[in-house]
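Participant: With chain A held as given, fit chain B onto it using these hints.
Number of protein chains: 2
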Amino acid sequence: MSIAAGDTPARPYVTALARGLSVLKSFDEQHERLTLSEVARIADMPRASARRALLTLQSLGYVNSDGRLFSLSPQVLTLARVYLASSPVPRIAQGFLETLSDSLGESCSLSILHEDEAIYIARSARKRIGSLHRDIGAHLPAYCTSMGRVLLAALPDAEHNAFLSRALLTRYTPHTVTGKADLRAAIAKVR
Amino acid sequence: MSIAAGDTPARPYVTALARGLSVLKSFDEQHERLTLSEVARIADMPRASARRALLTLQSLGYVNSDGRLFSLSPQVLTLARVYLASSPVPRIAQGFLETLSDSLGESCSLSILHEDEAIYIARSARKRIGSLHRDIGAHLPAYCTSMGRVLLAALPDAEHNAFLSRALLTRYTPHTVTGKADLRAAIAKVR
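Read top to bottom, the protein sequences are chains A and B. For the first sequence, the positions run 1 to 191 when my numbering is used. For the second sequence, the positions run 192 to 382 when my numbering is used.
Worth flagging that the hints you see were computed from the coordinates, not collected in a lab. Remember, it's a predicted structure, so these values are computed and weren't measured experimentally. Where hints are given, some of them may not hold.
To be verified - Incomplete in silico selection of chain A near chain B, CB under 7 Å: (1) Gly20; (2) Lys25; (3) Cys144.
What the hints assert, rightly or not - Computed footprint of chain B on chain A, listed as stretches where at least three residues anywhere in the stretch have a Cβ under 8 Å from a Cβ of chain B: (4) 65-79; (5) 109-117.
In this text, a Cβ means the ideal position worked out from N, Cα and C, and glycines have one as well.
Chain A on its own, in the form it takes in the complex (with noise of 0.2 Å):
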């Protein structure tokens, strides 16, 4: 009953599928339009498999290209739209999230704790503008964030040592919390 990564070297794993994921998301604000060599460089694999990738992407839809410059259609989101169709908790959560912003006067974000980050799930704006960084699907380290840091002090006392053991806790700024202790710590204040 033991879970571990690398203890299961017979599951399968299609590498030309995680690649190109790799690939969709190599594309970001400061890279809106990408060769196929910077595609390759910052997915960090070898061109032809990039290349592969990208014609395929292309494709489907997912990927518009003018030949040399490629960048993401608005297909993508079509994919983020098939979680938020099939999970309940988004649409459960909306109208909640609404009732708030109306009664306090804020935008409302709603997060779910997934691999050690909170990933925003829905949101009710008041004021959007300058608050774009915070859209669905953002998703923030949890032990250095306040949304973050409400998840963790949420899980169960094993759940908890676990994530602490395994953190690696990277500094961003002069304040970021990275000694374990501290953040233990910090949690407890949450809890």
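Facilitator: Frame of chain A, contents of chain B only:
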């Protein structure tokens, strides 16, 4: 300079990647949790392929499983996030949509015409409840929706004619316009 599907047999196409994306899209409002067999049937692929795709997606964190039933994880939203972060259009439009919503007292959406569908890429909501289906990433056939017809009306004549010649006009309701001449007239009225 002709562009036609099917005339590029040498173009690489990674079936495993296409199948992985089909597996993600086999979930929807009626299918929140699916067995392996159900995924294979909905995504129309061999059971062994569906299994490899599901286990890979689970390893990558996009799919959750209790061993028998599979469901999408919120990490799927991070794929949408890369489009929203990398594309300037939804970012720039958001402020205008908010202003428009404030002055009209109505929800406003922005969509893009992509492969004959209107895909919703930005939205400012007044009362979101009851209109969740028009959320980001929702996609509707262009020919039979008001949003889609506005987009079709804005096409240059050549593209407009090409759309009409290839369009498959499925009857969704007794009122769906399914005749091409009738559709042309309806779109002309929008113009």
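Participant: State for each hint whether it applies.
Facilitator: Hints, one by one, checked against the model:
About 4 Å separates the beta-carbon of Gly20(A) from the nearest beta-carbon of chain B, less than 7 Å, and the hint is met. Restraint check, Lys25(A) versus chain B: the minimum CB separation of about 6 Å is within 7 Å; hint holds. A cut of 7 Å between beta carbons decides the hint on Cys144(A): the least distance to chain B is about 18 Å, and the hint is violated. Counting residues of the region 65-79 of chain A whose CB lies closer than 8 Å to any CB of chain B gives 9, which reaches the minimum of 3, so the coverage claim holds.
Only when three residues or more bring their CB closer than 8 Å to a CB of chain B does the claim for the region 109-117 of chain A stand; here the count is 3, and the claim holds.
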